Amino acid sequence: MNWASWSDFFAMGGYAVYVWGSYGATIGLIIVETFLLRSRRRAALEQLGRSAMRGRA
Amino acid sequence: MSGKTTGDHGNQVGTALVIGSVNWFKYASPQAFYPLAGAMIPWFAWAAAACGIAGLYTGFFVAPTDHQQGESYRIIFIHVAAAWMSMFIYLVMAFWAGVGLVFNTRLSHMMATALAPTGALFTFIALWTGSLWGKPTWGTWWVWDARLTSELILLFLYFGFMALQAAIDEPRRADRAGAVLALVGVVNIPIIYFSVKWWNTLHQGASVSLTSAPTMAATMFSGMLLMALAAWMYSIAAALHRMRSIILERERGTDWVAQQARENRL
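Sequences listed follow chains P and A, in order.
Counting in the numbering used here, the first sequence runs from 1 upward without gaps.
Counting in the numbering used here, the second sequence runs from 1 upward without gaps.
Since the hints were made in silico from the structure, they are not lab data.
There's no promise every hint is true.
[Unchecked claim] Stretches of chain P that chain A covers, calculated by requiring three or more beta carbons in the stretch to come under 8 Å of a beta carbon on chain A: (1) 3-14; (2) 21-35; (3) 45-53.
All of these numbers come straight from a predicted model, not from anything done at the bench.
In this text, a Cβ means the ideal position worked out from N, Cα and C, and glycines have one as well.
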């Protein structure tokens with residue numbers, strides 16, 4: 001085990017800014033992309049729903 | 001164009017590629033690909049999560065502290081995976097763009113379009129984490145050396161591809177223009193990859209290559225591979241998901257989309 005405690009873990013040997021800045025940005029961007037993917041799909045399906053309504057009317 | 005078309009709603013490729021009694025062009029029709037992609041997405045997404053968790057655990061709790069760089073080296077688990085992915089996605093994107101140009105298959109172009117944003121994402125992550133790694137190890141956030149500059153050009157190639165496609169209203173023309181740009185840009189990939197050999201760069205040489213043993217601890221190496229695998233699985237899931245949206249957007253007027261929308265099967 002590399003870490004004596006959680007605070008030791010979060011300190012990253014003095015490189016916390018660099019290490020957590022890398023991991024945080026990566027995880028954040030992946031969450032953003034997942035969100036964008038979902039909203040694009042929702043928009044495409046809503047558009048289809050609207051045109052189906054028009055077709056029926 | 002050669003190859004007879006069967007109308008807008010069917011498979012655009014008249015000539016069938018049959019290998020081992022499987023007609024591979026069957027899946028080149030958006031109608032056949034759409035449910036197939038839908039079935040594959042959860043598998044790749046879960047595989048990505050599993051590899052990611054295993055990779056993070058290995059990277060933070062199993063791999064030892066580096067005797068030269070201390071804990072700052074742990075950025076490697078994201079940085080290398082993202083950098084590999086940024087180059088590989090570009091190659092796959094250019095491949096499908098090329099296939100689309102040669103065979104005139106709509107689905108290939110859609111695949112190239114679906115890959116670009118995820119490729120750009122990994123390119124940005126590679127640059128961002130590289131910058132955060134460069135500061136404590138080199139003393140600078142950025143330097144115009146060959147490796148860093150060519151990776152930045154890769155980011156601009158992805159952006160250029162997306163902007164060009166977005167700027168052209170007619171999808172067929174957008175596809176072709178994007179494909180030409182993607183293929184021309186391929187020349188940048190070997191430049192990125194070999195830049196650390198060809199030029200005297202501040203960026204270190206490859207720690208991992210196909211021809212020699214990795215110059216790092218086995219646990220560091222396995223953490224890196226797990227993270228690379230997670231990046232692969234994530235990219236496939238994301239590209240397939242975007243692909244399905246693109247199919248819905250572009251095939252809006254077709255009978256199969258209209259029918260499946262009515263039956264709530266999309």
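Quick rundown of the hints versus the structure:
1. 3-14: holds (count 5)
2. 21-35: Result for this restraint: holds, n = 9.
3. 45-53: Our answer is that it holds, as 6 residues pass the Cβ test (under 8 Å) against chain A, meeting three.
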